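Chains A and B are the protein sequences, given in the same order. For the first sequence, position 99 (counting from the first letter as 1) is numbered 100 according to this note's numbering, and the numbering increases by one without interruption. For the second sequence, position 246 (counting from the first letter as 1) is numbered 247 according to this note's numbering, and the numbering increases by one without interruption.
Quick caveat, the hints were computed from the structure, so don't treat them as lab data. Hints are not guaranteed to be accurate.
Pairs involving identical chains hold if they fit within one copy or between any two copies, as the list cannot separate such chains.
Derived pair list, reagent style DSBU-like, types lysine-lysine, alpha-carbon separation capped at 30 Å [what the hints assert, rightly or not]: (1) Lys-57 with Lys-3; (2) Lys-54 with Lys-365; (3) Lys-240 with Lys-310; (4) Lys-97 with Lys-365; (5) Lys-200 with Lys-275; (6) Lys-311 with Lys-6; (7) Lys-275 with Lys-166; (8) Lys-312 with Lys-200; (9) Lys-6 with Lys-97; (10) Lys-57 with Lys-309; (11) Lys-54 with Lys-10; (12) Lys-309 with Lys-3; (13) Lys-312 with Lys-97; (14) Lys-97 with Lys-275; (15) Lys-97 with Lys-309; (16) Lys-275 with Lys-54; (17) Lys-304 with Lys-97; (18) Lys-310 with Lys-129; (19) Lys-184 with Lys-309; (20) Lys-129 with Lys-57; (21) Lys-312 with Lys-166; (22) Lys-300 with Lys-3.
Please read these numbers as outputs of a predicted model, since none were measured by experiment.
2 protein chains.
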Amino acid sequence: MKLTKEIVKIVSGEDTPVLLLDLANISLKYHEIRNSIRNVEIFYAMKANNDPKILKLLVDEGCGFEVASEPELRSVLSLGVPPQRIMSMHPIKGPKFLRSLESEGVEIMAFDSFEEVDKISAFAPGSKLVLRIIVDNEGSDWPLTRKFGVEASQAPDLIRYASGKGLNVYGLTFHVGSQCNNKDNWAQAIGECRNVWTKALGEGSNPQFISLGGGIPIRQTHSVPSLDEIGKVIADSVKLNFPTAEGLKLSIEPGRGLVGDSGLMVTTVLGKAKRGNENWIYVDAGVFNALMETVEHYKYEIKTLSRKKKKVFTIAGPSCDSVDVMFENVSINDVEIGDQLFILNSAAYTTVYASNFNGFSIPKIVYI
Amino acid sequence: MKLTKEIVKIVSGEDTPVLLLDLANISLKYHEIRNSIRNVEIFYAMKANNDPKILKLLVDEGCGFEVASEPELRSVLSLGVPPQRIMSMHPIKGPKFLRSLESEGVEIMAFDSFEEVDKISAFAPGSKLVLRIIVDNEGSDWPLTRKFGVEASQAPDLIRYASGKGLNVYGLTFHVGSQCNNKDNWAQAIGECRNVWTKALGEGSNPQFISLGGGIPIRQTHSVPSLDEIGKVIADSVKLNFPTAEGLKLSIEPGRGLVGDSGLMVTTVLGKAKRGNENWIYVDAGVFNALMETVEHYKYEIKTLSRKKKKVFTIAGPSCDSVDVMFENVSINDVEIGDQLFILNSAAYTTVYASNFNGFSIPKIVYI
Numbered sequence: 002m003k004l005t006k007e008i009v010k011i012v013s014g015e016d017t018p019v020l021l022l023d024l025a026n027i028s029l030k031y032h033e034i035r036n037s038i039r040n041v042e043i044f045y046a047m048k049a050n051n052d053p054k055i056l057k058l059l060v061d062e063g064c065g066f067e068v069a070s071e072p073e074l075r076s077v078l079s080l081g082v083p084p085q086r087i088m089s090m091h092p093i094k095g096p097k098f099l100r101s102l103e104s105e106g107v108e109i110m111a112f113d114s115f116e117e118v119d120k121i122s123a124f125a126p127g128s129k130l131v132l133r134i135i136v137d138n139e140g141s142d143w144p145l146t147r148k149f150g151v152e153a154s155q156a157p158d159l160i161r162y163a164s165g166k167g168l169n170v171y172g173l174t175f176h177v178g179s180q181c182n183n184k185d186n187w188a189q190a191i192g193e194c195r196n197v198w199t200k201a202l203g204e205g206s207n208p209q210f211i212s213l214g215g216g217i218p219i220r221q222t223h224s225v226p227s228l229d230e231i232g233k234v235i236a237d238s239v240k241l242n243f244p245t246a247e248g249l250k251l252s253i254e255p256g257r258g259l260v261g262d263s264g265l266m267v268t269t270v271l272g273k274a275k276r277g278n279e280n281w282i283y284v285d286a287g288v289f290n291a292l293m294e295t296v297e298h299y300k301y302e303i304k305t306l307s308r309k310k311k312k313v314f315t316i317a318g319p320s321c322d323s324v325d326v327m328f329e330n331v332s333i334n335d336v337e338i339g340d341q342l343f344i345l346n347s348a349a350y351t352t353v354y355a356s357n358f359n360g361f362s363i364p365k366i367v368y369i
Numbered sequence: 002m003k004l005t006k007e008i009v010k011i012v013s014g015e016d017t018p019v020l021l022l023d024l025a026n027i028s029l030k031y032h033e034i035r036n037s038i039r040n041v042e043i044f045y046a047m048k049a050n051n052d053p054k055i056l057k058l059l060v061d062e063g064c065g066f067e068v069a070s071e072p073e074l075r076s077v078l079s080l081g082v083p084p085q086r087i088m089s090m091h092p093i094k095g096p097k098f099l100r101s102l103e104s105e106g107v108e109i110m111a112f113d114s115f116e117e118v119d120k121i122s123a124f125a126p127g128s129k130l131v132l133r134i135i136v137d138n139e140g141s142d143w144p145l146t147r148k149f150g151v152e153a154s155q156a157p158d159l160i161r162y163a164s165g166k167g168l169n170v171y172g173l174t175f176h177v178g179s180q181c182n183n184k185d186n187w188a189q190a191i192g193e194c195r196n197v198w199t200k201a202l203g204e205g206s207n208p209q210f211i212s213l214g215g216g217i218p219i220r221q222t223h224s225v226p227s228l229d230e231i232g233k234v235i236a237d238s239v240k241l242n243f244p245t246a247e248g249l250k251l252s253i254e255p256g257r258g259l260v261g262d263s264g265l266m267v268t269t270v271l272g273k274a275k276r277g278n279e280n281w282i283y284v285d286a287g288v289f290n291a292l293m294e295t296v297e298h299y300k301y302e303i304k305t306l307s308r309k310k311k312k313v314f315t316i317a318g319p320s321c322d323s324v325d326v327m328f329e330n331v332s333i334n335d336v337e338i339g340d341q342l343f344i345l346n347s348a349a350y351t352t353v354y355a356s357n358f359n360g361f362s363i364p365k366i367v368y369i
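The shape of chain A in the complex, shown without the other chains (with noise of 0.2 Å):
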């Protein structure tokens, strides 16, 4: 989302910080997405963003929805999604969660662990599985941690343990990591998708399902593959894959991907101090009402609209705490007190994460 002359318009002189929305161009991504990775179902991994207007401008399109909660299931079921356009790709879930999911009618969802397989036996034993692989994060912007997902070697074991217990084992999903700059990820893990059920079910088998997790990255301060050449990858990998399996489903679930650069987020300049050799300045967006990503390094594009010369910053939060600390070593134009700072793409994992901690207020939404 680009910083126009009408968004500076808008927010001249707002109570800052603020994020503004273009509903719009989510419909356009959600298009372009869709125009890309083709014969591909999306379902929102609505974690990145629960905006209710976003939700229900994806409804209105035809999304689905990926959920990991039950207040997640309860505000998109509400919205009248029908539970075949829900699934939950989330490996861990509890009880309470597991029986809902059932009850609704919302039928797929990962599993990782001997565990789950028991928990979903005993509580959504009417569920499609789909089984978490551990695959290649090179090249993503932010590689996952060790949290979820099985090495293709233990794959084996958890498919017939849970097709012994009855349970449908319907397919297969992964993720390349968030932000994947690394478009073969995607190749590979589909070529790991086919070693893994070959592996459990033998030659000739085909799992009826593959979810492609989330990845699709945006633009920050890089430039991306784009939607089209990662259509391109996905397309040909599944077709030297399983150029037998007829009937094979595919499903991608982006966050920030699909609604991340459709946002801006405005913030304030409060206080700027010279530490030793460092430029300091303070806004009133920070670590914990605001940009929560950039305690783990993430990185935003950042515009002012100041015409001075370029200094070399670092930014905080408005807050007390020494960690409220977003960027260090950015170059922009120099700014005074009271001036706006605009964070470029910040739609989603920002708002989401974000408390009153210190009493700082969370940014206010502004749609255009």
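Model the placement of chain B on the given structure of chain A, informed by the hints.
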């Protein structure tokens, strides 16, 4: 706060996460700090936990409050706290907040930059300015970043700049680091105050006020200096460095040190998995809805009711986020799905950072 049979009974079968707060213990702690750290006025750093019952209790005790934002200020004013019992030790305050402090008669405030002097001069010229200096954080569990404070060498220029603007430079403040296990830090910091003041204003001059900041440790996974020990170090150091300072006023601003060990969080195991050689458990209190500080490796003592053999676990939160992992290599008695885990001394810096990310609940407060 100990795990007692009474507590186990209270939370048995409760929907978790729950934060149990022992209000009587906070009163006790307030009196302990008063009795151990003598002739020092206590201002509660309310960012640690702004639960209304905690605030009300401390107002009734006559405690002062340290505030950093307009909502924090309004909140204590609305409880009838007189402005003399409020201060803002935040060195960077926005223009609006400064105006409110001035108009409400809150006088004592920190600064540590020329730009802040200009702002105070413009928006709160009647204030009592307190310069934040950088002191040794050696031996603190959580040393601070370079976000706030000036080096001793820069202090004279700043003090002269503020005085030159006709402002009242009233004293000094520092922060020895969060969870300070090294009681000598306070002695060194008070000595540094002596040096800074002498350098800025010459031999024989004395500040009117020293704010001793935060840093009072509570017991988490290891034993910490007692309040009496810290009180003695402070009293001795003040006597040594300011023997001629009649009427020197002192304050201390505990947050965690005042309320942290009067709370206990209860969480439930949602899932288990073997990941390679690692044993993982997944619980309903995670980084984003309850235990944010763990992401910076803050450690808590964890108890279970299990009598099974001890095992080493990685403990993760309930969300799909791979960053949502709180503890690694923790040895606890083996637990099953549905068992409760008890996170001791977790009343500070937990609920105040919490969000409903991914739909997971913020801990419900239960008072005992």
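A quick look at each hint next to the structure:
1. Lys-57 with Lys-3: within (24 Å within a copy, 47 Å between copies)
2. Lys-54 with Lys-365: both (14 Å within a copy, 28 Å between copies)
3. Lys-240 with Lys-310: Intra 53 Å, inter 50 Å, cutoff 30 Å: neither.
4. Lys-97 with Lys-365: between (33 Å within a copy, 18 Å between copies)
5. Lys-200 with Lys-275: Cα proximity of Lys-200 and Lys-275: across copies only (21 Å, versus 61 Å in one copy).
6. Lys-311 with Lys-6: Only inside one copy: Lys-311 and Lys-6 sit 21 Å apart there, 62 Å across copies, limit 30 Å.
7. Lys-275 with Lys-166: Classified as between: cross-chain Cα gap 19 Å, same-chain 65 Å, threshold 30 Å.
8. Lys-312 with Lys-200: Intra 57 Å, inter 32 Å, cutoff 30 Å: neither.
9. Lys-6 with Lys-97: between (49 Å within a copy, 27 Å between copies)
10. Lys-57 with Lys-309: Answer is neither; intra-copy 42 Å and inter-copy 48 Å both fail.
11. Lys-54 with Lys-10: within (23 Å within a copy, 43 Å between copies)
12. Lys-309 with Lys-3: Within. Shortest intra-copy distance 21 Å satisfies the 30 Å Cα cut-off; inter-copy 58 Å does not.
13. Lys-312 with Lys-97: between (53 Å within a copy, 27 Å between copies)
14. Lys-97 with Lys-275: This pair counts as between: shortest inter-copy Cα distance 22 Å, intra-copy 53 Å.
15. Lys-97 with Lys-309: between (57 Å within a copy, 25 Å between copies)
16. Lys-275 with Lys-54: Cα proximity of Lys-275 and Lys-54: none, with 42 Å in one copy and 40 Å across.
17. Lys-304 with Lys-97: between (45 Å within a copy, 24 Å between copies)
18. Lys-310 with Lys-129: Close neither inside one copy (59 Å) nor across copies (35 Å); limit 30 Å.
19. Lys-184 with Lys-309: neither (39 Å within a copy, 46 Å between copies)
20. Lys-129 with Lys-57: within (27 Å within a copy, 52 Å between copies)
21. Lys-312 with Lys-166: So Lys-312 and Lys-166 pass the 30 Å test across copies only (28 Å; inside, 63 Å).
22. Lys-300 with Lys-3: Classified as within; 16 Å inside a copy, 42 Å across copies.
Comparing the model with each earlier hint shows violations of hints 3, 8, 10, 16, 18 and 19; every other hint is respected.
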